[in-house]
Amino acid sequence: MPQAFYILFGAAFTIGASIGAGRLALRRLKLPLYKQEELGFAFLIGAALLSLVLFGLATAHLLYKGVFLAIGALLMWRGWRRPADLPDLPALPRNWIWWTVPPIAVFGALYLCHAMAPEMSPDGSAYHLGLVAKYYRDRGFSAITTNIYANLSQGVDLLYLVPFAFGRHSSAALLHLSFLPALCLLMVCYGKRFGFPKAALVGALFVFFTPVVGIDAASAYIDVAVACILFGLYYLVQLWDAVRARQVLIAIGILCGFAIGAKYTAFIGAVYVAGFLLWRKQWKPIVLVAAVAAIWVTPWLVKNTIVVGNPVSPFANRIFKNPYVHISFEEEYSQRMRQYELPDRRLIPLEVTIKGQALGGLIGPLFLLAPVALVAFRSPHGARLLIATLVFGSIYATNIGTRFLIPALPFLSLVMAQAVTRIPPLAILLVLAHAISAWPPIMAKYCDTYAWRLDRVLFKQAIRKESEHGFLDRKWPAYSVAQLIERAVPKGGQVLTFNQTGEAYTTRDIRVVYQSASNAVLGGVLLTPTIPQYQPVRWLEFTIPEQRVRKVRIVQTAANSPDHFTVNEFRVFHKGRELPREPRWRLRANPYPWGVQDAFDNSRLTFWGSWQALYPGMFIEADFGQPELVDRVGIEATHAVSAIRIKLEYEDSGGKIQTVAEPHEIEIAPPLDMRREATEIVKSRGAGYLLIHENDFLAKDMEAAPERWGLVKLGDSWGFRLYAIR
Numbered sequence: 001m002p003q004a005f006y007i008l009f010g011a012a013f014t015i016g017a018s019i020g021a022g023r024l025a026l027r028r029l030k031l032p033l034y035k036q037e038e039l040g041f042a043f044l045i046g047a048a049l050l051s052l053v054l055f056g057l058a059t060a061h062l063l064y065k066g067v068f069l070a071i072g073a074l075l076m077w078r079g080w081r082r083p084a085d086l087p088d089l090p091a092l093p094r095n096w097i098w099w100t101v102p103p104i105a106v107f108g109a110l111y112l113c114h115a116m117a118p119e120m121s122p123d124g125s126a127y128h129l130g131l132v133a134k135y136y137r138d139r140g141f142s143a144i145t146t147n148i149y150a151n152l153s154q155g156v157d158l159l160y161l162v163p164f165a166f167g168r169h170s171s172a173a174l175l176h177l178s179f180l181p182a183l184c185l186l187m188v189c190y191g192k193r194f195g196f197p198k199a200a201l202v203g204a205l206f207v208f209f210t211p212v213v214g215i216d217a218a219s220a221y222i223d224v225a226v227a228c229i230l231f232g233l234y235y236l237v238q239l240w241d242a243v244r245a246r247q248v249l250i251a252i253g254i255l256c257g258f259a260i261g262a263k264y265t266a267f268i269g270a271v272y273v274a275g276f277l278l279w280r281k282q283w284k285p286i287v288l289v290a291a292v293a294a295i296w297v298t299p300w301l302v303k304n305t306i307v308v309g310n311p312v313s314p315f316a317n318r319i320f321k322n323p324y325v326h327i328s329f330e331e332e333y334s335q336r337m338r339q340y341e342l343p344d345r346r347l348i349p350l351e352v353t354i355k356g357q358a359l360g361g362l363i364g365p366l367f368l369l370a371p372v373a374l375v376a377f378r379s380p381h382g383a384r385l386l387i388a389t390l391v392f393g394s395i396y397a398t399n400i401g402t403r404f405l406i407p408a409l410p411f412l413s414l415v416m417a418q419a420v421t422r423i424p425p426l427a428i429l430l431v432l433a434h435a436i437s438a439w440p441p442i443m444a445k446y447c448d449t450y451a452w453r454l455d456r457v458l459f460k461q462a463i464r465k466e467s468e469h470g471f472l473d474r475k476w477p478a479y480s481v482a483q484l485i486e487r488a489v490p491k492g493g494q495v496l497t498f499n500q501t502g503e504a505y506t507t508r509d510i511r512v513v514y515q516s517a518s519n520a521v522l523g524g525v526l527l528t529p530t531i532p533q534y535q536p537v538r539w540l541e542f543t544i545p546e547q548r549v550r551k552v553r554i555v556q557t558a559a560n561s562p563d564h565f566t567v568n569e570f571r572v573f574h575k576g577r578e579l580p581r582e583p584r585w586r587l588r589a590n591p592y593p594w595g596v597q598d599a600f601d602n603s604r605l606t607f608w609g610s611w612q613a614l615y616p617g618m619f620i621e622a623d624f625g626q627p628e629l630v631d632r633v634g635i636e637a638t639h640a641v642s643a644i645r646i647k648l649e650y651e652d653s654g655g656k657i658q659t660v661a662e663p664h665e666i667e668i669a670p671p672l673d674m675r676r677e678a679t680e681i682v683k684s685r686g687a688g689y690l691l692i693h694e695n696d697f698l699a700k701d702m703e704a705a706p707e708r709w710g711l712v713k714l715g716d717s718w719g720f721r722l723y724a725i726r
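Under the numbering used here, read the sequence shown as residues 1 to 726, first letter to last.
Just so you know, not all the hints are guaranteed correct.
Said to hold, decoys possible - Derived pair list, reagent style DSSO-like, types lysine-lysine, alpha-carbon separation capped at 30 Å:
| no. | residue 1 | residue 2 |
| --- | --- | --- |
| 1 | Lys465 | Lys65 |
| 2 | Lys445 | Lys460 |
| 3 | Lys683 | Lys321 |
| 4 | Lys700 | Lys475 |
| 5 | Lys30 | Lys321 |
| 6 | Lys134 | Lys445 |
| 7 | Lys575 | Lys134 |
| 8 | Lys35 | Lys198 |
| 9 | Lys30 | Lys355 |
| 10 | Lys465 | Lys355 |
| 11 | Lys355 | Lys475 |
| 12 | Lys475 | Lys465 |
| 13 | Lys355 | Lys134 |
| 14 | Lys475 | Lys491 |
| 15 | Lys713 | Lys700 |
The set of hints was computed from the structure by calculation and includes no laboratory data.
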């Protein structure tokens with residue numbers, strides 16, 4: 001039971017500090033708000049301010065529980081005084097309230113218990129809280145270059161630092177849940193202010209009972225928080241349009257910056273604001289909003305520029321070239337997020353409304369009625385809400401996972417509600433039907449078996465009548481695997497794996513192959529010994545008249561192929577003797593200038609790669625620093641790059657560039673057994689441990705002959721095997 005207290009305290013303390021900070025700001029701004037609006041906007045604007053403070057503390061390495069207590073207590077002491085003389089919004093009719101109380105209470109209990117129960121969401125228990133836990137252990141930011149998720153803006157994640165310090169993982173999830181009632185409150189207030197209170201209540205309930213919203217809100221994710229910020233931003237834009245007050249623009253700038261600082265895709269909020277102001281032919285307000293928003297956005301851009309050389313990493317790597325994220329990864333990742341495993345995009349409506357497995361969650365069969373929203377087009381705010389639905393829903397094209405619809409749902413729900421509340425009994429019936437269809441036992445009858453959803457009320461787990469360890473060890477494989485790593489891997493040890501796992505439950509560094517360029521290289525090294533296509537069995541050789549040469553360059557000339565240009569070894573000869581590599585050699589490569597030394601290290605396992613599709617002009621070059629006698633130049637490559645076409649360019653003794661157009665190709669034998677060398681390379685680059693799942697390509701080979709790999713098995717859990725490299 002004490003743990004339940006700390007969970008509640010951590011979340012409540014953070015909420016209180018946010019409201020305190022927000023009320024201090026609102027007093028300064030003197031926004032023309034009603035009493036009911038003031039609470040919602042105080043929470044949102046205060047959360048933005050608190051997030052900025054936490055960024056400063058993380059930068060200064062001052063993430064301590066005592067610092068949180070002092071700042072939070074000060075904010076609540078100074079801020080928890082309601083501004084005087086705020087008017088009330090019109091009240092809803094009592095008969096439109098009483099019927100909502102039972103379903104709200106039932107689902108509220110479901111969400112509360114799930115949030116307080118041990119955290120076991122896929123991303124929450126991996127990178128969301130994994131990074132929060134690391135920042136808290138390190139007392140601030142550290143230079144993380146092996147995890148792309150550390151490069152994302154983390155404005156909401158930083159808020160989790162405070163509840164995590166007191167109530168750990170569940171307290172952070174409970175804080176995220178608080179954004180759901182805040183969103184619903186703002187939706188109702190919006191309808192009351194602009195003349196459609198009943199429809200606003202119905203729309204808020206549509207959102208509240210939506211299955212993917214419920215499980216997302218009750219997990220340590222950020223999607224519901226971002227949706228709340230974006231709706232608050234939209235609300236303030238409509239308020240500004242009504243009152244044209246300068247202080248409203250400042251509040252718009254705060255939420256605009258906080259949205260982008262919370263999630264990159266929330267830049268759509270800035271697009272909406274700019275578009276609206278341009279439509280109203282208001283140029284100066286755009287400058288003010290941008291200047292305020294920059295206060296929240298700039299710190300993240302500067303952090304990424306310093307750590308990984310790309311302000312918007314892990315994206316735009318073609319523009320901001322860096323050694324930490326490959327262009328090919330960005331392109332493949334973006335394509336994967338746009339497609340998932342759906343064979344046909346026409347299946348999306350059924351997947352997101354009823355099935356829920358392929359796209360990670362469902363919004364419920366109610367939203368199959370979404371076209372009724374068009375009926376509200378002629379209502380005073382119907383057209384604006386429909387446009388907002390399209391604008392905020394446009395980011396769904398970048399990732400078709402169901403939860404990426406959440407930012408658009410408040411707007412869609414409001415216009416749908418405006419349409420159906422023209423027949424009040426129909427509106428009530430749809431709300432209750434939506435709630436019933438979202439109740440776990442009912443939902444299980446029509447959705448896919450493994451749809452991401454809430455499946456039961458976790459009351460015993462919430463109050464810790466069943467221990468956190470016991471429940472997670474029984475139900476959540478990622479936790480058990482993380483605990484195995486925690487027991488078997490010493491402090492400072494790094495674990496390389498092909499699969500994301502419960503990083504939030506271990507203090508050891510987990511390096512997932514797809515999460516950085518350096519990890520991807522090690523993954524390729526590990527796979528090479530057992531995949532013939534990856535093995536360097538092609539020798540592409542150029543012969544030239546014996547002469548003194550200062551520089552040699554292999555140039556790739558093919559185009560229109562998804563292959564990459566990779567070179568395992570670049571060798572230069574004179575009379576059958578390979579020129580030894582000298583410190584004076586200057587090595588260059590294009591388009592990826594990093595890692596070129598891997599093609600000159602006498603290891604056929606390591607390689608330099610372009611890490612993007614072929615185009616003419618890619619090259620790898622060795623400048624000897626002085627003329628050297630040369631008569632033969634060649635590269636070792638694999639059949640995985642069969643589409644490459646290369647030529648040799650060399651600088652002769654007279655300084656002229658000579659060209660040899662076609663290489664002679666020979667098939668050579670692969671090294672006898674590269675397994676031990678592969679793990680030695682992995683260990684030499686920091687990862688002394690491997691976590692392999694039984695379905696990974698390497699699993700059977702490693703399990704059958706760990707000694708050939710130089711591995712010692714430390715344990716297994718839920719199909720994962722942990723090895724130490726000896």
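Verification of the supplied hints:
1. For a cut-off of 30 Å, the pair hint linking Lys465 to Lys65 stands: about 26 Å separates their Cα positions.
2. For the hint pairing Lys445 with Lys460, the CA-to-CA distance comes to about 25 Å; that is within 30 Å, so the pair holds.
3. Straight-line distance between C-alpha atoms of Lys683 and Lys321 comes to about 27 Å, which keeps the hinted pair within the 30 Å bound.
4. Of the pairs offered as hints, the one joining Lys700 and Lys475 holds, with about 26 Å between alpha carbons and a cut-off of 30 Å not exceeded.
5. Restraint check for Lys30 and Lys321: the C-alpha separation of about 45 Å exceeds 30 Å, so the hint is violated.
6. Proximity of Lys134 to Lys445 is assessed by CA-CA distance (about 40 Å); at most 30 Å being required, the pair is judged violated.
7. A distance of roughly 56 Å separates the Cα atoms of Lys575 and Lys134; the hinted pair therefore is violated under the 30 Å criterion.
8. Between Lys35 and Lys198 the alpha-carbon distance is near 19 Å, which keeps this suggested pair within the 30 Å criterion.
9. The suggested pairing of Lys30 with Lys355 is violated, with an alpha-carbon distance near 47 Å, which exceeds 30 Å.
10. Between Lys465 and Lys355 the alpha-carbon distance is near 33 Å, which puts this suggested pair outside the 30 Å criterion.
11. Under the criterion of a C-alpha separation no larger than 30 Å, the hint pairing Lys355 with Lys475 is consistent with the structure, at around 23 Å.
12. About 16 Å separates the Cα atoms of Lys475 and Lys465, which keeps this hinted pair within 30 Å; it holds.
13. Simply put, Lys355 and Lys134 have alpha-carbon atoms about 36 Å apart, too far for the 30 Å limit, and the pair is violated.
14. Of the pairs offered as hints, the one joining Lys475 and Lys491 holds, with about 26 Å between alpha carbons and a cut-off of 30 Å not exceeded.
15. Restraint check for Lys713 and Lys700: the C-alpha separation of about 13 Å stays at or below 30 Å, so the hint holds.
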